[in-house]
Amino acid sequence: MGQTIIEKILSAHSGQEAHAGDIVVARVDYVMGQDGTAPLAIRAFDEMGGTAVFDRGKAAFVIDHSAPSPNEGVSALHKLMREFAKEKGFRLYDIGEGVCHQLLPESGMVGPGSLVIGADSHTCTYGALNAFSTGVGSTDLAGGLISGQMWFKVPETIKFACHGQLPKGVFSKDLILRLIGDITADGATYLSAEFTGEAVAALSQEARFTIANMAIEMGAKAGLMEADEKTFDWLRRFTDQSFNSVSADPDAVYAGSREYDAARIEPQVARPHRVDNVCPVSEAAGKSIQQAVIGTCTNGRLEDLRIAAGILGGRKVHPDVRLIVAAASRRVFLDAMAEGIIQSLVEAGAAVVTPGCGPCVGTHNGVPSDGETVISTANRNFKGRMGNSNAEIYLASPATVAASAITGKIADPREFFK
Amino acid sequence: MHFQGKAHKFGSDVNTDYIISGKYKFKTLDMKELARHVMEDLDPDFYSKVTPGDFIVAGANFGCGSSREQAPLAIKYADVSAVLAKSFARIFYRNAINTGLPVVECDTDQIDPGDELVVDLAAGIITNKTKGTTIPVKPLPGVMIKILNDGGLAPHFRKFGGFNFD
Numbered sequence: 005m006g007q008t009i010i011e012k013i014l015s016a017h018s019g020q021e022a023h024a025g026d027i028v029v030a031r032v033d034y035v036m037g038q039d040g041t042a043p044l045a046i047r048a049f050d051e052m053g054g055t056a057v058f059d060r061g062k063a064a065f066v067i068d069h070s071a072p073s074p075n076e077g078v079s080a081l082h083k084l085m086r087e088f089a090k091e092k093g094f095r096l097y098d099i100g101e102g103v104c105h106q107l108l109p110e111s112g113m114v115g116p117g118s119l120v121i122g123a124d125s126h127t128c129t130y131g132a133l134n135a136f137s138t139g140v141g142s143t144d145l146a147g148g149l150i151s152g153q154m155w156f157k158v159p160e161t162i163k164f165a166c167h168g169q170l171p172k173g174v175f176s177k178d179l180i181l182r183l184i185g186d187i188t189a190d191g192a193t194y195l196s197a198e199f200t201g202e203a204v205a206a207l208s209q210e211a212r213f214t215i216a217n218m219a220i221e222m223g224a225k226a227g228l229m230e231a232d233e234k235t236f237d238w239l240r241r242f243t244d245q246s247f248n249s250v251s252a253d254p255d256a257v258y259a260g261s262r263e264y265d266a267a268r269i270e271p272q273v274a275r276p277h278r279v280d281n282v283c284p285v286s287e288a289a290g291k292s293i294q295q296a297v298i299g300t301c302t303n304g305r306l307e308d309l310r311i312a313a314g315i316l317g318g319r320k321v322h323p324d325v326r327l328i329v330a331a332a333s334r335r336v337f338l339d340a341m342a343e344g345i346i347q348s349l350v351e352a353g354a355a356v357v358t359p360g361c362g363p364c365v366g367t368h369n370g371v372p373s374d375g376e377t378v379i380s381t382a383n384r385n386f387k388g389r390m391g392n393s394n395a396e397i398y399l400a401s402p403a404t405v406a407a408s409a410i411t412g413k414i415a416d417p418r419e420f421f422k
Numbered sequence: 071m072h073f074q075g076k077a078h079k080f081g082s083d084v085n086t087d088y089i090i091s092g093k094y095k096f097k098t099l100d101m102k103e104l105a106r107h108v109m110e111d112l113d114p115d116f117y118s119k120v121t122p123g124d125f126i127v128a129g130a131n132f133g134c135g136s137s138r139e140q141a142p143l144a145i146k147y148a149d150v151s152a153v154l155a156k157s158f159a160r161i162f163y164r165n166a167i168n169t170g171l172p173v174v175e176c177d178t179d180q181i182d183p184g185d186e187l188v189v190d191l192a193a194g195i196i197t198n199k200t201k202g203t204t205i206p207v208k209p210l211p212g213v214m215i216k217i218l219n220d221g222g223l224a225p226h227f228r229k230f231g232g233f234n235f236d
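Chains as they are written, first to last, in our numbering: chain A, 5 to 422; chain B, 71 to 236.
Looking at chain A on its own, in the form it has when it is part of the complex:
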């Protein structure tokens, strides 16, 4: 019986032929926690009677969500993480190194066929590298740190076949927002999503991460793509390790499939307060904004900053708008500086903050005021997400956010690509 990508990865890691519906205990290749989840995992680790991590080279903590610390409560939890990682002898990425979901791929530890658990819901990002990676909570993280294993119910798979090419000014963010708008926030709950078709193949590796990153926003357990030369070229920048790509069998069984013509996708925005409240930018255009955010694990990579700088370069951010930029990692930040991208953005009026999660999760770095409207390249626009439940958040591509920051209103970026 044919297998999907996730069935093959779970088979290889559990030593049994896995099919949808089976419960397996699988070996994990890497385990990650961040500063919102690791402190509780340390407590669970102790409650479990843990003494050592299963493999010191296959675990990491990342301080990215509130980094640098905005208050003493957070500082105490950061200290707890540093001390634990040091004592157990595994890697801690401290403030300024970047977002966990950029750092793990850059570490070279994750590639085709890998199985990764991370105590962060957007761990599904590495599906763009043909890895099965999924978000877990703190107690599961502690179990993974101790045992190097995790139990899974093997999910069914839904296939998104994206044909054609995205038009100019339309990006992978627009494509995934359209998919989420159509299938809704729980349309893929418990399912693994496979993204295929020439529109996905035509995307750069960086653009693919944006799609896999948001699989959780349709409820999915994973968002997987096949590996190709672009994937291996990207990985070779970070590791000599060899990986074997995993493809679905022709007779694999799917729970469903959806077809898209990428050529017909327009720039999209998700309106407050739901990620699946998606419309073409034309329906939201003209709405005044007070803050714009470019960055996060969804859209803080070099290509994203380059697209934003392409629009903002030589122009000025609207006087009524604050533009906040955070590179996804120190490496991205350095590359963007070397290319003059940061110079362009700062000259345009951007406030550049520490590589990391930036203002996305509402702890610091730009909490909006009552009644304000924010447009962001992040992945969540829930009420209160950025720290104020009386503010509104729209989600869009880096191009749409950059165009809106200049205009002072939600704007169609295609005007800037003419």
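Read the hints as simulated data drawn from the structure, not as lab findings.
Predicted, not measured: the structure shown is a model, and the values here were computed from it.
Some clues are possibly wrong.
What the hints assert, rightly or not - Dumping the calculated DSSO-like pairs for lysine-lysine here, alpha-carbon to alpha-carbon at most 30 Å:
#: 1; chain 1: A; residue 1: K92; chain 2: A; residue 2: K62
#: 2; chain 1: B; residue 1: K146; chain 2: A; residue 2: K157
#: 3; chain 1: B; residue 1: K102; chain 2: A; residue 2: K387
#: 4; chain 1: B; residue 1: K216; chain 2: A; residue 2: K62
#: 5; chain 1: A; residue 1: K83; chain 2: B; residue 2: K102
On the provided structure of chain A, position chain B as indicated by the hints.
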């Protein structure tokens, strides 16, 4: 497991930011403190309305969003005995079982705000005392029953030193 209390009703897609906002959860491991802010963005008075043993009753996709385990813990420390919903987001569902918060999939359209409920997990039945009706419960997967019976994943690990589902 057997619980009795009244229903506090919410809609669908209650995400973990609504259950416990990021602006609180990064600061502390004191779950009693976090519990004071539980569901605050949906109902600022929720915490003070709960009588120990009460239930959160919701629509579909309860607990969607982030992986924060502070969400089920804040509910538990607010003295809510169980969450009843039409469906749950998968990370929240795992986290709830791992931390010993009972999560019950059932038809919550048959429950109105303030209804007095008796939830009998062993029998798989909810009795709505206000309406004089019973509602069947969708059973948990076997693996999760084992973890819940051990008192959560931490006690399970302490007992077996790892995953043991044989």
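Hints and how they fare:
no., hint, verdict
1, A:K92 with A:K62, "12 Å, holds"
2, B:K146 with A:K157, "25 Å, holds"
3, B:K102 with A:K387, "23 Å, holds"
4, B:K216 with A:K62, "28 Å, holds"
5, A:K83 with B:K102, "22 Å, holds"
Hint violations for this structure: none, all hints satisfied.
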